[in-house]
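*Asks:* Read off the chains here:
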Amino acid sequence: MSGSATRAPVIEITPELVADHGLSPDEYEQILEILGREPTFPELGVFSAMWSEHCGYKNSRPHLETLPTEGPLVVQGPGENAGVIDAGDGWGVAFKIESHNHPSAVEPYQGAATGSGGILRDVFTMGARPIAILDSLHFGSLDSPRSRYLLDGVVRGVGDYGNCVGVPTVGGEAIFDPSYERNPIINVMCIGILRLDDLMRGKAEGVGNAVMAVGARTGRDGIHGATFASVELDEGSDSRPQVQVGDPFTEKLLLEASLELIGRDLLVGIQDMGAAGLTSSGTEMAARSGSGIDIDVALVPVREQGMTPYEILLSESQERMLLVAKPGCESSVADVLSKWDLEAAVVGRVTDDGFFRVRDGGEVVVEIPVQPLVNECPTYTREGVEDPEVRRLRELDIAEYSAPISDQEAADALLTLLDSPSLASCRWIYEQYDTTVGTNTVVGPGSDAAVLRLADSGRGIAASLDCNGRYVYLEPRRGAKIAMAEAARNVACSGARPVAITNCLNFGNPLKPGTYYHFAEAVAGLGEGCRALSTPVTGGNVSFYNETPDGAVYPTPVIGMIGLLEHLDRVVPSCFRTPGSTVVLVGETGDELGASEYLAACHGVVGGAPPQIDLEEARRLVDFLVEAAERRLVLSAHDCAEGGLAVALAECSLGGPDGPLAVEAELRTDVPAAAALYGESQSRVVLSCDPETVEEIVALAAERGLPVAVIGSVGPPDGRFRLAAAGVQIDLELDRIHDVYRSALPRRMEKQAGLTT
Amino acid sequence: MKIGIVRFPGSNCDQDCHRAVDEGVGAEAAYLWHKSHDLEGCQAILLPGGFSYGDHLRAGAIARFSPIMREVIAFARDGGPVLGICNGFQVLCEAGLLPGALVRNDSLRFRSHPVRVRVEQTDTPFTSEYEEGDVLRMPIAHGEGQYVADQSVIDALESERRVIFRYVDELGQRTEEANPNGSVRNIAGICDEGRRVVGLMPHPERVVSKLLGTDGLGVFHSLIGSLQATGDGTTTQTTRAGDGPAAQAAEAPATHAPGVAEASAP
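As given, the protein sequences belong to chains A and L, one line each in that order. Taken in order, the first sequence gives residues 456 to 1212; the numbers are from this note's numbering. Taken in order, the second sequence gives residues 194 to 459; the numbers are from this note's numbering.
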């Protein structure tokens, strides 16, 4: 039974009310022009939501339009619920990333849970069965009780939601830096697979076709969440009513029901009622189809009495879908929903007059032309100016840190870095996630990339999430290119060819010239990376206003890279597997300590320029890795990134499934020891291989114009970690570094039992 | 031979179980809908993992009242083989087909990682293809996996050899460190008095392929072997308490299925 909307008193549209809706006087003028009259109160709410940053991309669109979105494998690019690529033999891979930063800052458990819920729905509305989730988490220092509380809640939220729905969480990253102290970055990516024949889109076609609201009922939660996501969090932010509450059990039912509806060919289109709820789903579906939509809010099943049209239109209650049924299929749709114990209600019809028309019983309360509402959101190109403080930090003289170090200092630095939560084992996090449900997880968390089975095709899907916000902060264009190159390298280390990305651009307030500069430069860097690596963007998300009175977070454009692996049985693990195998370093090690984790963790310095990145070389390295895997030349391959060679080698040694393996290695170089061990020169990979294939690997690298050095060998399970470079020798017991590496997170999270807000 | 897999709302390991039966051991698998009263002639029933009815109230607490469970309980009382995995184990305990209960892990956190379990008894329809003492590697993924029961129940389980799987370390030793959830006496799986109903927390259905590991295959091979041994599927007649030893004799393992030997740790 549907409730009936409560007739709201006529509300006068004052300049204050317009401003409260986040609309500028100029934007309001434009609304008056579009309508040819004053908007009603619900209409003002509709414009406010659709022209929010979250839905309208008003400060980002001019830059996003510069990104490449096409490629031979792209079936669906940006503008739909999720991107889709062609994975061969009729299979498609649907994937997308979404942020839930502000809700998670306020209520970490529900914020993270509903973030997972939303991105799952974006994927299964494409007709794809979700098979994996990855999460990119950025928090403040774990020395702060607030950050520990947020991490604990977010991990439980992501875990409980995915675990219950039955979609494994298979990878991601966890970064800790004071810049994220009060505004964590919570990005969740979902990957699904589908038969391309079943590909479904968010369309509203066919005049007279029924528009149906299905799933959970509409309540008063999350009203204006999209607008909330588009402002800064202020002092003592307590916006809990704008945070939605998730129910993964309903989501699971909705997932199965939706896939059954799509499989039985009952639908014209379907879309999640996500940000801006019924308003965005209804108007966007109509806009894509050039049609109109006519809805009666009195027919929408509601959770509580007395809801006004304004509230019903803008509610962000979770686990709801809007769909358009094929002619004559309404009752079959209702039967499927009922089988899964879910509600379905016909709430309107598709029209051909191009209007988003909302009635409340008989009375028309909203009548807005769809095209200008959805596609003519005002956009702004602003002038970005680099913050002088950023330049000062980048140009900081860091030469003193390249001074000679003793063996003891080198060893202490390694222990400090392995104890840094950003570099330490994430096991404490991912052991709270079901990583294997669905039996598609071939390589789970703790590796460079997650690798998934593509049904029974014998092929695999690799995925990685990456971003180093410190690099982007210090030099945004280069930082973004590094994020692209690293994501591609991670995927290629598994043997997969990187094919496309989704991105989640987390920045501060774009009205501030320094932030805008960061954004514009970073997007330019992403574009360069996409073109150089032939990995177009298939969709994504922009999250601005990630700042508090303490300042903005590091600009954090998270890259979700997807790769395809031709032969799943040739997948390459990250860590050493075989005692006696030879260790090879591909790539050049320079004197580059700028922006490194070493400077931050061991010297408390954030500064210097991020390492050089040559995208053309990055691409050759990808080609090399894919070919080496295809020819079965390598036993393991691991990206050399934050923490440099020493940390990369330690990770290779410590991360194997059967416990640590000893390492004996030496890098011959003229570079000063600190930089040789801990510098973060790009386009480097640590390989292990059978001694008999070394020559082939060296030849293949040379063919690709890549520097390569045989640096050592893998030892037995009990032994030492030995690494020499530039006259300095690190020599530590395996057990000792293993303890430090695996206890860094639990030591901080479990012993500090007093998790407080 | 047909194996039924019950789908509750919120089941999420149903497809994995289907694949384990179908592709893993080549038997016919059929989904059984929770609202149905028809077991469709299935000769064994699997209750898969997941969050049936959203774990509302308690894990498994609502599922026991679903229409299909009335038939499953009758089927089990008649000696039909029933396996509950993870949430399925919780449902079996809630339904009273197995004693004891599964409560929140002692860490108070969801835990998901590979564990090793030792096969303690081989005279059940789900373990006959293993050797006693085999150590299997399979994943756990649960928030409520801590097995608890009254002391008298535990004593009975031990004396009647009804502990079927136990958490152990890589050497097959029962240690505190190897116990992922605080289960009493490292219990990972048990059977009923008739030895035909088995529940366990780890997921054998996730390790039935070369790609992901094969240690769980033996569970499904055992079932097929046992159904063949009892006359191609017709269920054995009711076994009263105390009939255990006789039932065991009838089900002595015949041969090892391919894949099991290599899967078992020394």
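A few of these clues could be false.
Here are the simulated SDA-like pairs of lysine to any residue, each with C-alpha atoms no more than 20 Å apart in a straight line [as the list claims (entries may be wrong)]: (1) L:Lys228 / A:Glu798; (2) L:Lys403 / A:Asp1113; (3) L:Lys403 / A:Glu798.
Covered, in the sense of this in silico footprint (three residues per stretch, anywhere, with C-beta under 8 Å from a C-beta of chain L), are these stretches of chain A [as the list claims (entries may be wrong)]: (4) 618-632; (5) 699-708; (6) 892-904.
By construction, these hints were calculated from the structure, which means they are not laboratory data. By construction, the Cβ of each residue, glycine as well, lies at the ideal position given by its N, Cα and C atoms.
*Asks:* Can the restraint linking lysine 403 of chain L and aspartate 1113 of chain A be considered satisfied, given a maximum Cα separation of 20 Å?
*Replies:* Roughly 18 Å between the alpha carbons, so the hint for lysine 403 of chain L and aspartate 1113 of chain A holds.
*Asks:* Given the hint that lysine 403 of chain L pairs with glutamate 798 of chain A, test it: the Cα-Cα distance must not exceed 20 Å.
*Replies:* Given that 20 Å is the threshold and the Cα spacing comes to 42 Å, the pair is violated.
*Asks:* Regarding the pair lysine 228 of chain L and glutamate 798 of chain A, is the alpha-carbon distance no greater than 20 Å?
*Replies:* Measuring from Cα to Cα gives roughly 17 Å; hence the hint holds.
*Asks:* Count the residues of the region 892-904 of chain A whose CB lies closer than 8 Å to any CB of chain L, then report whether that count reaches three.
*Replies:* Satisfied; 5 residues make the cut.
*Asks:* Test coverage of the region 618-632 of chain A by chain L using CB-CB distances below 8 Å; three residues minimum.
*Replies:* Satisfied; 4 residues make the cut.
*Asks:* State whether the coverage of the region 699-708 of chain A by chain L holds or is violated, taking the criterion as 3 or more residues with Cβ-Cβ distances under 8 Å.
*Replies:* holds (count 6)
Against the hints set out earlier in the document, a violation occurs for number 3 only.
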